[in-house]
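A.B. asks: If you want the building blocks of each chain, they are given just below.
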Amino acid sequence: MGISEENHPVVINFEEYEAIRLSDFEFHGHVEAAQIMGVSRPTYTRIYESARRKVAEAFVQGRTIVFEGGKVYFDSEWYSCNSCGCWFNHTEKGQKIDQCTLCGSTDIEQYFDNSQNPVNEDRCVCPNCGSETVHLPGTPCKNEICPACKCQMIRRGAPFNQGSGNNNCN
Amino acid sequence: MKIAITSTGNSPEAKLDSRFGRCSFFVIYDTVSHSTEFIPNPYIENIEGAGLASANLIASKGAEKVVSGEFGAKVKSLFDSMKIKLVILKDPEKRINTIIELLNH
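First to last, the protein sequences are chains A and B. Position 88 of the first sequence, counting from 1, maps to 88 under the numbering used here, and the rest follow consecutively. Position 37 of the second sequence, counting from 1, maps to 37 under the numbering used here, and the rest follow consecutively.
Calculated directly from the structure, the hints in this document are not laboratory data. Take these hints with a grain of salt, some might be off.
DSSO-like mimics (lysine-lysine), calculated; alpha carbons at most 27 Å apart, straight line [unchecked claim]: (1) 76(B) / 94(B); (2) 2(B) / 76(B); (3) 2(B) / 15(B); (4) 15(B) / 96(A); (5) 96(A) / 83(B); (6) 61(B) / 94(B); (7) 96(A) / 2(B); (8) 90(B) / 76(B); (9) 94(B) / 83(B); (10) 90(B) / 61(B); (11) 61(B) / 15(B); (12) 90(B) / 96(A); (13) 2(B) / 74(B); (14) 2(B) / 61(B); (15) 83(B) / 142(A).
Sequences and hints are given; from them, build the entire structure.
C.D. replies: Next up, the structure:
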């Protein structure tokens, strides 16, 4: 094949490419990026970690990068019909669709998945009374004081009774 | 053209089944002869793979479109590769004859 053992290419999967694109090109956080890719946050972090290691390997060892494979599925284009309220797709990419597959109405629009509302947004929670505030990136939750009972707050989802200082409430 | 619809019963008055792989009946409607065929879903009790098996059944009947309430990711990509169009109707109260009327636009 003409490729020596030292110079066989580094294979980056499509999901690894996507992880680098989401994190390092579009600057999404891992929680957000995981939602976009439809995987759990830990899985996303694993994919991203693997991607970064492969890139580093290629840089340091001067190897070629090849993009291929992985568990990917390119969804077809989806449309919604304003007349009968259905959703429909069509399988020929790039072909223009002008009427609803179900009812034939021309009152249709292409559907883009722009559900950007972060369901799992970071929040600070009071371990004492349970009241929550929106977490400010860059400010540790323990620097926040609960407006109701003056306790130090912790990150939502973090185990209670971790760390010190939570005895100073009231 | 043949169109498959997922149904909760075996009559035109039955309502749309919102599940694809585990629907009660498949209706195969022929837009040319206006005939309908009701097929009981043989895969309803399958522990796994009901969606893919149902998709293959529908493809073997020659349907070019499928109307249901929801499709899973595996089924979507299989239908895409078989060039079968999907229609999602989020209305479990719609009756099969109403859907057939819509299809005869």
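A.B. asks: Hints first: check each against the structure and report whether it holds.
C.D. replies: Status of the hints after comparison with the structure:
no. : hint           : in the structure
1   : 76(B) / 94(B)  : holds (22 Å)
2   : 2(B) / 76(B)   : holds (18 Å)
3   : 2(B) / 15(B)   : holds (19 Å)
4   : 15(B) / 96(A)  : violated (32 Å)
5   : 96(A) / 83(B)  : holds (16 Å)
6   : 61(B) / 94(B)  : holds (23 Å)
7   : 96(A) / 2(B)   : holds (22 Å)
8   : 90(B) / 76(B)  : holds (16 Å)
9   : 94(B) / 83(B)  : holds (26 Å)
10  : 90(B) / 61(B)  : holds (25 Å)
11  : 61(B) / 15(B)  : holds (21 Å)
12  : 90(B) / 96(A)  : holds (24 Å)
13  : 2(B) / 74(B)   : holds (22 Å)
14  : 2(B) / 61(B)   : holds (8 Å)
15  : 83(B) / 142(A) : violated (55 Å)
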